[in-house]
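Spelled out, the chains give:
2 protein chains.
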Amino acid sequence: MQVVVIGANACGAKSACRVKRLNPKAEVILIDKDDLISYGACGIPYFVSGDVPHENALRETSYHVVRDEKFFRDAKGLKVLTKTLVEEIDRKRKTIRVRYLNTGQIEEIPYDKLIIATGSIPRTLNIPGIDLQGVYTLTSLHKAIEIKEKIARGEVEKPLVIGAGLIGLEMTEAFADLWELPVTLLEYFPQVLPRNLDAFTARMVENHLREKGVKLVLNARIKEIMGKDGKVIGVQTENEFYPADLVLVAGGVIPNSELAKKAGLLVSPATGGIVVNDRLQTSDPDIYAGGDCIEVTHLITGKKVVMPMGSLANRQGRVIGTNIAGGTATFKGTVGAFIMKCFDLAVGGVGLTLTQAKIEGFSASYALNNQTERSHFFPDAKYAYYALIFDKLTTRVLGFQAIGPFTDGTLARIHALSSILPYKPLVEDLLNLELAYAPPFNSALDPIHDTAHVADNILKGLFEPIHWEEVIKRMQEGDQNTLIIDLRHPKEAEFNVKNFSNVKHILYQKIRYHIKEIPKDKDIILICNSSRRSYEVARILKSEGYERVYVPLGGISFPRKWGEPVK
Amino acid sequence: MQVVVIGANACGAKSACRVKRLNPKAEVILIDKDDLISYGACGIPYFVSGDVPHENALRETSYHVVRDEKFFRDAKGLKVLTKTLVEEIDRKRKTIRVRYLNTGQIEEIPYDKLIIATGSIPRTLNIPGIDLQGVYTLTSLHKAIEIKEKIARGEVEKPLVIGAGLIGLEMTEAFADLWELPVTLLEYFPQVLPRNLDAFTARMVENHLREKGVKLVLNARIKEIMGKDGKVIGVQTENEFYPADLVLVAGGVIPNSELAKKAGLLVSPATGGIVVNDRLQTSDPDIYAGGDCIEVTHLITGKKVVMPMGSLANRQGRVIGTNIAGGTATFKGTVGAFIMKCFDLAVGGVGLTLTQAKIEGFSASYALNNQTERSHFFPDAKYAYYALIFDKLTTRVLGFQAIGPFTDGTLARIHALSSILPYKPLVEDLLNLELAYAPPFNSALDPIHDTAHVADNILKGLFEPIHWEEVIKRMQEGDQNTLIIDLRHPKEAEFNVKNFSNVKHILYQKIRYHIKEIPKDKDIILICNSSRRSYEVARILKSEGYERVYVPLGGISFPRKWGEPVK
Numbered sequence: 001m002q003v004v005v006i007g008a009n010a011c012g013a014k015s016a017c018r019v020k021r022l023n024p025k026a027e028v029i030l031i032d033k034d035d036l037i038s039y040g041a042c043g044i045p046y047f048v049s050g051d052v053p054h055e056n057a058l059r060e061t062s063y064h065v066v067r068d069e070k071f072f073r074d075a076k077g078l079k080v081l082t083k084t085l086v087e088e089i090d091r092k093r094k095t096i097r098v099r100y101l102n103t104g105q106i107e108e109i110p111y112d113k114l115i116i117a118t119g120s121i122p123r124t125l126n127i128p129g130i131d132l133q134g135v136y137t138l139t140s141l142h143k144a145i146e147i148k149e150k151i152a153r154g155e156v157e158k159p160l161v162i163g164a165g166l167i168g169l170e171m172t173e174a175f176a177d178l179w180e181l182p183v184t185l186l187e188y189f190p191q192v193l194p195r196n197l198d199a200f201t202a203r204m205v206e207n208h209l210r211e212k213g214v215k216l217v218l219n220a221r222i223k224e225i226m227g228k229d230g231k232v233i234g235v236q237t238e239n240e241f242y243p244a245d246l247v248l249v250a251g252g253v254i255p256n257s258e259l260a261k262k263a264g265l266l267v268s269p270a271t272g273g274i275v276v277n278d279r280l281q282t283s284d285p286d287i288y289a290g291g292d293c294i295e296v297t298h299l300i301t302g303k304k305v306v307m308p309m310g311s312l313a314n315r316q317g318r319v320i321g322t323n324i325a326g327g328t329a330t331f332k333g334t335v336g337a338f339i340m341k342c343f344d345l346a347v348g349g350v351g352l353t354l355t356q357a358k359i360e361g362f363s364a365s366y367a368l369n370n371q372t373e374r375s376h377f378f379p380d381a382k383y384a385y386y387a388l389i390f391d392k393l394t395t396r397v398l399g400f401q402a403i404g405p406f407t408d409g410t411l412a413r414i415h416a417l418s419s420i421l422p423y424k425p426l427v428e429d430l431l432n433l434e435l436a437y438a439p440p441f442n443s444a445l446d447p448i449h450d451t452a453h454v455a456d457n458i459l460k461g462l463f464e465p466i467h468w469e470e471v472i473k474r475m476q477e478g479d480q481n482t483l484i485i486d487l488r489h490p491k492e493a494e495f496n497v498k499n500f501s502n503v504k505h506i507l508y509q510k511i512r513y514h515i516k517e518i519p520k521d522k523d524i525i526l527i528c529n530s531s532r533r534s535y536e537v538a539r540i541l542k543s544e545g546y547e548r549v550y551v552p553l554g555g556i557s558f559p560r561k562w563g564e565p566v567k
Numbered sequence: 001m002q003v004v005v006i007g008a009n010a011c012g013a014k015s016a017c018r019v020k021r022l023n024p025k026a027e028v029i030l031i032d033k034d035d036l037i038s039y040g041a042c043g044i045p046y047f048v049s050g051d052v053p054h055e056n057a058l059r060e061t062s063y064h065v066v067r068d069e070k071f072f073r074d075a076k077g078l079k080v081l082t083k084t085l086v087e088e089i090d091r092k093r094k095t096i097r098v099r100y101l102n103t104g105q106i107e108e109i110p111y112d113k114l115i116i117a118t119g120s121i122p123r124t125l126n127i128p129g130i131d132l133q134g135v136y137t138l139t140s141l142h143k144a145i146e147i148k149e150k151i152a153r154g155e156v157e158k159p160l161v162i163g164a165g166l167i168g169l170e171m172t173e174a175f176a177d178l179w180e181l182p183v184t185l186l187e188y189f190p191q192v193l194p195r196n197l198d199a200f201t202a203r204m205v206e207n208h209l210r211e212k213g214v215k216l217v218l219n220a221r222i223k224e225i226m227g228k229d230g231k232v233i234g235v236q237t238e239n240e241f242y243p244a245d246l247v248l249v250a251g252g253v254i255p256n257s258e259l260a261k262k263a264g265l266l267v268s269p270a271t272g273g274i275v276v277n278d279r280l281q282t283s284d285p286d287i288y289a290g291g292d293c294i295e296v297t298h299l300i301t302g303k304k305v306v307m308p309m310g311s312l313a314n315r316q317g318r319v320i321g322t323n324i325a326g327g328t329a330t331f332k333g334t335v336g337a338f339i340m341k342c343f344d345l346a347v348g349g350v351g352l353t354l355t356q357a358k359i360e361g362f363s364a365s366y367a368l369n370n371q372t373e374r375s376h377f378f379p380d381a382k383y384a385y386y387a388l389i390f391d392k393l394t395t396r397v398l399g400f401q402a403i404g405p406f407t408d409g410t411l412a413r414i415h416a417l418s419s420i421l422p423y424k425p426l427v428e429d430l431l432n433l434e435l436a437y438a439p440p441f442n443s444a445l446d447p448i449h450d451t452a453h454v455a456d457n458i459l460k461g462l463f464e465p466i467h468w469e470e471v472i473k474r475m476q477e478g479d480q481n482t483l484i485i486d487l488r489h490p491k492e493a494e495f496n497v498k499n500f501s502n503v504k505h506i507l508y509q510k511i512r513y514h515i516k517e518i519p520k521d522k523d524i525i526l527i528c529n530s531s532r533r534s535y536e537v538a539r540i541l542k543s544e545g546y547e548r549v550y551v552p553l554g555g556i557s558f559p560r561k562w563g564e565p566v567k
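So the sequences go chain by chain: A and B. Numbered per full-length UniProt numbering, the first sequence finishes at 567, counting up by one with no gaps. Numbered per full-length UniProt numbering, the second sequence finishes at 567, counting up by one with no gaps.
Warning: the hint list may mix true and false statements.
[What the hints assert, rightly or not] Capping the alpha-carbon separation at 25 Å, the derived lysine to aspartate or glutamate pairs in DMTMM-like fashion look like this:
| hint | chain 1 | residue 1 | chain 2 | residue 2 |
| --- | --- | --- | --- | --- |
| 1 | B | K215 | B | D429 |
| 2 | B | K567 | A | E60 |
| 3 | B | K542 | A | E564 |
| 4 | B | K516 | B | E492 |
| 5 | A | K424 | B | E492 |
| 6 | B | K150 | B | D278 |
| 7 | B | K516 | A | D74 |
| 8 | A | K70 | B | D429 |
| 9 | A | K473 | A | E564 |
Treat the hints as calculated values from the structure; they're not laboratory data.
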């Protein structure tokens, strides 16, 4: 059996090796247009930053052997063709036509089974000046090496990143954190990570970026990348000119499915991804496809999506290898889990954002929670922030977002949620989740539990949530139809009482003795650090006949993290 | 409605507050025989160690208010009776008889609903001398305060801990780590954490304890705790005398279900726990019970067990509170998840150990895996060790154990497994698990995936596992019917080749050129750091007609961590 694999990174390399392991007698040919193959593309930002000292580190096995052609030949028994472009697939004759880029020579290679792992290509941004010298997209490790060498030569003083998605943010940190360069970050949408977070969590990341000295511009409408003598000098938006000597365009990627399309394989016009079944076969049963170039099922919506993630690509590679070698393996779909380091933060999410859930037609609502990652009595326990997206009618869990310090605590919560989301859990199932506990790691009730409690209490009508934006608006307007009661320690409440005419202090523990001071003809908003005390007081007031009682979601730490004028 | 709660810690305090929040007009009376209530009992080792500076920290809310009687009265609206012993429940008259320990006065208190949250008591060890001065069991926070004061007075130079379960190990660290006391730790079983880990993972913890200077004695058969003038001077086992000026007995706990039994409630003779339904009602529908005093369903075996964990107790408290206030909530059971810090390690597990699984009648087998927690190219990526227990016939996942550096990485993997185990996943479902990835947090394939791959490869007969104990035995015996091939870098292999006559070096990458040197009439054992290379070479040899090829589970790092003479 001759197996030909087009593309020698995550999915391609994995599937080639898996076929060969299961069936050592198979001839496996691994083809790539590049000469650098099988590198950890997700590690590129850490190579640029210097965390990973040399590009070869991204190409090494865990036992420090570089995964080059020789390695794949000797260790894995594969035939490897690098700098080789696959120009056409002839499905009738079961051959591919390749062009050797070094010599220009053309050859036909027959296959019994073919694997398309052509990955993704950067989304084309129709911006004038994108071809100027000094404008980069991260199409390969070569580009990263170029960027790093340019920085090392001292030629970069003002880097500018276009696009605040995962890669854009990681590259922003790479420039700003270790090279201490002042980075400008332009984002078209009104928030960072628009595909991954909601505004209420994204704003924490935005504030953190600004604290770290990043010049973050949201709602950026880029008109042109400006140059002088063919070299980039800055970016002109509708409103402003941002000088730059290096522009990194990180505008997302699209599936590289052209070759498949030309071969007459089914490619989705909606997603641009190659259509595959759950064994990852294309519309031609002898051709498999995996990685960034395919579309997959989103397990929350049931719809097809592209989800260009290295983790999925690797898992898909194994599935393809197993199936080609005569076994049976399936890839059922994705819940869209992500995790990232952003300076001192760990940011993660899974499932749908509130915005996405609404667009998908769910009766989506959300709960916020903040609490220390470790037991609050444990030294150095730091606060983390959580959002749970759920459907109000079915109580189904739709998504989860977490922002915490740069530890593995965020990973722990995302791992738990991404593991159960395919089982379509309800909020009640999160209450029942068993989550190991010891004080150095979490609280007796894990943040997942307490976030689910908030959702459960909302679903059961135990309190009336109000959004912080609305609370702050009323504070700033001094709305006299509203009384905001700060329930914290008098010293904590001092600032708000002094600065906002409709804020009054009543200590949480003393509330039962002060109920007569609270008017029944006003909206009562109860505030504290986490909204736990607010919720309890809301329950007391409700039993005393108060009807207009509101509890802001997630406590005062949320707007404080957003930089809003409350303390 | 008058609700009476017996026991004012995790489950009791939680259920009392939840009832009151849902039904603020209810009269809720919280009763405890102690005067210190609602403390984070799981934090006691960290209080003794000094990590938590003052006992009140364990009793504080996250906003630093001590949860004493006044707090529960003012903030929560509960009536609290401390130093009050409940002597009897009269179910016909729906009253309890209490004795006020300060005055000796007796009173009857009526209830509409009663909650029994009496927790657990230390297992009685029938050892002479257990009543000597200086012998402690951690029955309450008072005991911890006593111990800490004794240490602070300089009266403790030789602490000795009996029992290497979770609390025993945490207390061992508390003594050894921060007070720098030389601790002796005696364990009856041939391994530490006998209820939580298998020998192959426990040995890593044992070695770590010894590296940290702990005098660990396994298989300890204690004859007597020895004293002089009424004060402890040491512990005599069948073999040896261990001097000690403080003995902490941590021999596990049993449910404190006497009161319930006396009241005629159903108490399991097998587990000693109060029998409850999944709404946590006892055999008397007006009486609920939760926390350490009840038995619960083990979701892997379906059998009843006691599982004294603070996390479960808190969740059960909320369930009881909801049900008493007229709602519906259930507690379905446990998968036995735990996590602990042990010096520089994070140790966690969930489900059944291999030993337990075999006792329960499963066709249990296991896979081992070691890999760096973060991407191997990421700086400071440290190795962690994983074990997956599964059923060979059904391929069902039965348990998981993880030992890593003290980060939240172990928590992340335990969280994922404990979240899905109730859904009864197969090994294949772990392959399909979506786990978020970024290089600062993990590899593209998470350790869970790679551990499941090993299990999957075993189940599919892709390689023949062999246990390291057997490999080392053959190395030490110089068994000439066995050829052990060390596949690593020559420098790494040097020690084994030099020290063991049946070890030969062939570099992994070169194996295809050296196959003729490998005899077909011997057992071939392939070794490397993680067994990944060994597995690949086993596949090649199998295709070349070799039949006696073995791959040790988990790679050479496992015995190395056990302190075995391989390098």
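Against the structure, the hints:
1. B/K215 - B/D429: violated (42 Å)
2. B/K567 - A/E60: Given pair B/K567, A/E60 holds - Cα atoms ~22 Å apart, limit 25 Å.
3. B/K542 - A/E564: Answer violated: B/K542 to A/E564 is near 66 Å, above 25 Å.
4. B/K516 - B/E492: At roughly 23 Å apart (the allowed maximum being 25 Å), B/E492 and B/K516 satisfy the hint.
5. A/K424 - B/E492: Roughly 48 Å between the alpha carbons, so the hint for A/K424 and B/E492 is violated.
6. B/K150 - B/D278: violated (44 Å)
7. B/K516 - A/D74: Roughly 16 Å between the alpha carbons, so the hint for B/K516 and A/D74 holds.
8. A/K70 - B/D429: violated (35 Å)
9. A/K473 - A/E564: Given that 25 Å is the threshold and the Cα spacing comes to 10 Å, the pair holds.
When held up to the earlier numbered hints, the structure conflicts with 1, 3, 5, 6 and 8 and fits the remainder.
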